[in-house]
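Number of protein chains: 2
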Amino acid sequence: MVMSVDKAFRVLHAFDYSRPSMSLTQVAATVGMDKSAAQRFTYTLEKLGYLRKDPVTKRFELTVRTLDLAHHYLRSNAMLERAMPYLMHLSKTTEETINLTVMDGPEIVFVSRFMSRHVLNTDVIVGTRMPAYCTAPGIAILSRLATADAAALIDRMDLKPYTPHTTWQREDLLAKIAKSSVRGYATAFEEFYHGDLSVAAAITGPGGVPVGALNIAVSRARFTPEEMEERFAPLVVAAAGSVSQR
Amino acid sequence: MVMSVDKAFRVLHAFDYSRPSMSLTQVAATVGMDKSAAQRFTYTLEKLGYLRKDPVTKRFELTVRTLDLAHHYLRSNAMLERAMPYLMHLSKTTEETINLTVMDGPEIVFVSRFMSRHVLNTDVIVGTRMPAYCTAPGIAILSRLATADAAALIDRMDLKPYTPHTTWQREDLLAKIAKSSVRGYATAFEEFYHGDLSVAAAITGPGGVPVGALNIAVSRARFTPEEMEERFAPLVVAAAGSVSQR
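So the sequence lines, in the order shown, correspond to chains A and B. Residues in the first sequence are numbered from 1 upward in steps of one, following my numbering. Residues in the second sequence are numbered from 1 upward in steps of one, following my numbering.
Since the hints were made in silico from the structure, they are not lab data. Misleading hints may appear alongside valid ones.
Stated by the list, open to error - Some but not every residue of chain A turned toward chain B, in silico, with C-beta under 8 Å:
#1 9
#2 15
#3 44
#4 78
#5 79
#6 84
#7 91
#8 92
#9 95
#10 104
#11 114
This structure is a prediction, so every number in the text was calculated from the model and none was measured. Think of the CB as a built atom: it goes at the ideal place given N, C-alpha and C, for glycine as much as any other residue.
The shape of chain A in the complex, shown without the other chains (with noise of 0.2 Å):
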């Protein structure tokens, strides 16, 4: 392993929605280097430009550089460019929030995002995580694993609820995986956040290996949970179907 990129890396991700901006003494604080090892990792991150260093307040931040690898995913990502003609035409048909997830170990990542024009959260973008266990998209991949699998995943992750109507306990989850599997598509109504309510297929490669999600998510101020289930399911169940691979 070559130390100085895991380094370089962890000054990029001392920068968060805490911590937008830093001074070099903050930088070396929070990641745990001296000084000296901080002024050469700034240094090298600004050159290549992907920090920027405040002329008058000496201060770091990251810049839109920061952007380019997520592009370069995002557009050599075979299932998304599948999914894309899917998604935009359910975001036409339902004019609700429709997203595309994938897994990685214990939380969903959204990695494409439709939001409708009634939808509350803007705090969900691109890259944006959610513990996988109380998401319809979660639920949906971890029933198109084997059993054991899923089990096994479970056990790794950090249980607990977020609001009272997370399933959060083992047992629980496991009977919410094998309804989910029998159904072919996941819920979550209020489980992470309070008013959501989602409904998820799994996208399979080859070999029925899940490698996604896809949802719908509406707000239980328009509409009850069966009526959202009832309308919404056998949409996502159908565009995860075609986008899947057999």
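Given the coordinates of chain A, work out where chain B should sit on it, guided by the hints.
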């Protein structure tokens, strides 16, 4: 400069639309390093979670973890946070495509995008770059710079016509920038994509420095340029003004 950091990023950036996955030999050839160096960097990037090695084909590809840096940038971007409610509002009231962009050298980069159900082009996503001079956001931003600074930037651009409508000659561009400066907004009618009508206003930070632009894009099939400009220019001017800092 820490050279191994530069090399690691060159390996990551070698993956793109035309090369979504690569063998070790291909990585080495594309980046221009010997195979043992390529092995050290791909191994490191795999351990850090940015590359995945297919156990069967032994080919490498980018992982969803490449979205994390973009997410950190987007979540720590104060302009985006201020702009979000206005983007949302414009999206709801116009039902057209709304974008937030920043300028990076000779290009604009899309940082947020609310797609309309009328949208034709799903190739434009977060992180997409376009030559600034043939876009409304680019001209809007240039029109908020000192004339000499805008001219200096124009001189560094690779000017050429992308469509029969592209404004691409130096004097024409300077005239367009001057006109946009007076009006407070810029237009681009089919200057990069056929059928694309766009109107943009710059978002400024303290001291009037342009930090980005907000634009509305519609299809030529549904509006004439005159209708488009009359209807949407006042909306982008008002929204960009609200997001700007005094």
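Which earlier hints turn out false for this structure, listed by number in ascending order?
Hint 5 alone not satisfied by this model.
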